[in-house]
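J.: Quick note, the sequences are listed as chains S and A, same order. In the working numbering, each residue's number is its place in the first sequence (first place is 1) plus 3. In the working numbering, each residue's number is its place in the second sequence (first place is 1) plus 8.
No lab work stands behind these hints, which were simulated from the structure alone. Do not rely on the hints blindly, as some may be mistaken.
Said to hold, decoys possible - Computed list of lysine to any residue pairs in SDA-like fashion (alpha-carbon distance at most 25 Å, straight line): (1) A:K87 to S:N326; (2) A:K87 to S:L57; (3) S:K246 to S:P222; (4) A:K87 to S:A89; (5) S:K343 to A:F97; (6) S:K91 to A:R93; (7) S:K280 to S:R270; (8) S:K343 to S:L325; (9) S:K246 to S:K343; (10) A:K87 to S:V46; (11) S:K73 to S:D63; (12) S:K187 to S:T94; (13) S:K73 to A:L27.
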Amino acid sequence: VTALRLSRESSAIAPGGWQLLPLRFHRFDTESTLLTNLVGEHVFVPTHQFLAVLDGTCSDQNMLAELRAKHLIQLPGERLPTELLAIKFRTRLRRLPDSTGLHMFVVTLRCEHTCRYCQVSRQSSAKTEYDMSEETASRALELAFRSPSPHLKIEFQGGEPLLNFPLVRWIVTRAKLLNQEHGKKLAFVIATNLALPDEEILDFCQNEDVYFSTSLDGPEELHNTNRRRPGQDSWEKTVTGIKQVQGRLGDDHVSALMTTTEASLQRPTEIIDTYAKLGLQHVFLRPISPYGFALRRRGGAGYDVARWLAFYEAGLDHIIELNRRGIPMVETYAAIVAKKIFTNNDPGYVDLTSPAGIGLGALGACSPRCKTTHSGSATYVTAATKTSCCQKSFSSHSKTRSH
Amino acid sequence: MSIDAEETQVSFDRVTVDLDALQRAAYAVADAMSVDITVAGDRFTCTLYPREHGTDPSALAHRMRTEVVDQTLRLRIAKETEPLRNLIFALAFSKTGLTEDEIQQ
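If we strip away everything but chain A, and leave its shape as in the complex, we get (with noise of 0.2 Å):
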């Protein structure tokens, strides 16, 4: 595939960066540019396309690659979080009155 001018690639190795969290990166940076996600073997690629002109993509790579870092920060914590984070939800919400076992009684 050819890359404009302006484009520019940054990939990731498939076994530490999940493909979630290359999309919610790249929702994340929708203010700055598009992103374009391929899988070529053990990487995917992502390819940068800014939303103006003149933006250095070294800029972009860097931007993308942080926040790359960040998704998968957020996608780890909130696994290792969830049993904790059910438990609190279940305390705030038990005697509410929503179920129905608790309107029965």
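Chain S with its partners taken away, still in its complex shape (with noise of 0.2 Å):
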């Protein structure tokens, strides 16, 4: 006990006795401020201590030594805490030399629903001049191999990816044949509605090993509210097709995310159950994107930030828990933020990276008849004017990272 005290007071930090490293910090209430590093390390520090660290004359050695231990001060003459940091750093940022992992292509404009929310430009069914042709195709594929990536995603979007599965097939095949020259690790991802697979597709997305990424906002009579389609059995559709991909894929193969409208914010319990019922492990709450045509019409978002937040709560609380009743279910956002804070391995979420997930995170090509304002974080590629059709930010609708 005497040697461990002697060991303490030694190393004792007398006032002024430290360097401040680099930090941010920011007042979290009156009370506290809290304070980070460039490698997101964190610590709440109570206001007046922080200006008395700031200054020199602070003498609580429990503080100092956390902060020491977070690498927010160091001794002067250290030369630690510095190269530590720079290994956590360049750690943070392993992806970059990579560059885009994730390459979107937008099949079709074409959609046989008409969502409320929808910010796409979407075409009738019939208009098959909206289709991405295979010259548009292939010049995306020859774009994304070119990437220094080991690992390339290929997300087919629309529009409904389905109703052009011809070029789908044709892409997939050409990109494996393309691999064996380049012998990366690809995945194969359909952002689809799920209303139109049939036996065919099924059998080649199993052949293949392609995923699924649907949308099911909740209940039935809510969902079918939200997503419109000819004999209003959107949800009908969606479930069937969510079961065909898990019996006949493996239920890792088909995941899905909600869009929250005003008719959903009273409902968050119901619509995690519908997950629930259906063997689904994860959720994406998600308010609705405030990007292009999705502005104009009449289901923009209708609520505020503060019935958002009030909504995301009642839902988060409720997945806490279903997990202390045994019932497994991420929220897929709070996921995602919670490994930024808490560790070094960055998950990639290409609408939550800095630098920014624009054109280093993904890649998007479209049709050249495209009109849509993208939402998320990519750079659009069109064939005829092979320069970027919309710089706005681009949500990957498989929305986990770039690979």
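Assemble the dimeric complex from its two separately framed chains, guided by the hints.
T.: Here's what the structure looks like:
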């Protein structure tokens, strides 16, 4: 005990006996201040103590020890903290040299749904002139394989990409052929409403290991109000599609996300329970993307940040309760943010990266006729112009990472 | 300059506050107010225009003053830690193969 006491006393830091390391701060509330550093280490300190640390007058040894351990201060002449910070910083950015891993192909603007919140310049099912051509797809594939990334995720979007399934099949086949030379790890995802898959599509996707990402807004009546199609049977078809994919390709081959409309705000529990009943273990609670055509329509958000947060908190509480009861359920956005805050293993979610995900995280290819303001963090390339069609942000439907 | 009923002014000593800090603060509070910065003698004067009618002028002034203090501290920390920050970046990005010298090696 004596030795320990002596050791502790000898390591006491005298007033003014430290250097600040690069740090940021934010007044969290009237009493506490949040300090963070270059690599995301963080600590909450009483605001008056923070000022004492800045002024060199702090005498709270426990606090100084914690700040030193979190690499917010160091002793003069120390070299290890800066070396460790450099290693951690480099680790967080380790995917940067790989460049673009996520490549989105808007294979058609046609869709048989008329969702209230859709931001896409959707076209009716008959207008095939809004389909991507093989020539455009070929050029986009060439661009994708020029990426130094050892992983390529090719995501099919629309419109409803299954309305142009022949091109999806052509791209998958062509990509695998090209990859015999490149040897990259390929993944394919179809972002679909799952109203249209038939045996031929499911067979192909099973054989080629294609994943599905779909939209499920919650209970039947809510989903069908948001996501309209002839027959008002979107929910039934989507749920049937989810079960088919789960049965044929496996539970992990289909994921779903939801979009929150004003009609959703009072129903977070029912929405999440709909996912749980289908055996889905992830739900992504998302506000309406304030982009493109979504802003023009009657289904525009219709709620403010406070109402959205109340919905989100109620949903998160219910998810925590489900997990306590032994029903596994993850809220995707919370999981991404928690991973970013508490680990050095950045999930690479393109909408929340620094440097920004635009171009680096994701590239999209679309038809020259596309007038959509895409949402999220991608640069778009058209075959006709070979220039970016739009540089608004883009959300990957498969939602986690660029590869 | 006349002041409308809802506008309010706060002033800062040019010896203790940088224009940079004032501009950063004006940006940070832009959700609640727009800010006009003028210089007269040894003082900066900030005229605060609320975005919503009925906002308490003293609350606006309090928020602006708090934000200016924070931005001043941020500038001070950035200046004080700049050599270490550059050292960390240099260590992190060395041996990346991104510079010509390294490619030639």
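J.: Against each hint, give a clear statement of whether it holds in the structure.
T.: Status of the hints after comparison with the structure:
1. A:K87 to S:N326: violated (47 Å)
2. A:K87 to S:L57: Within the cut-off at roughly 13 Å; holds.
3. S:K246 to S:P222: Distance ~16 Å between K246 (chain S) and P222 (chain S) Cα, so the pair holds.
4. A:K87 to S:A89: holds (19 Å)
5. S:K343 to A:F97: OK: K343 (chain S) and F97 (chain A) at ~20 Å, within 25 Å.
6. S:K91 to A:R93: holds (13 Å)
7. S:K280 to S:R270: The given pair, whose Cα atoms are some 16 Å apart, holds under the 25 Å limit.
8. S:K343 to S:L325: holds (24 Å)
9. S:K246 to S:K343: Outside the cut-off at roughly 32 Å; violated.
10. A:K87 to S:V46: Cα-Cα ~22 Å, so holds.
11. S:K73 to S:D63: Since the Cα atoms of K73 (chain S) and D63 (chain S) sit roughly 16 Å apart, the hinted pair holds (cutoff 25 Å).
12. S:K187 to S:T94: holds (22 Å)
13. S:K73 to A:L27: violated (32 Å)
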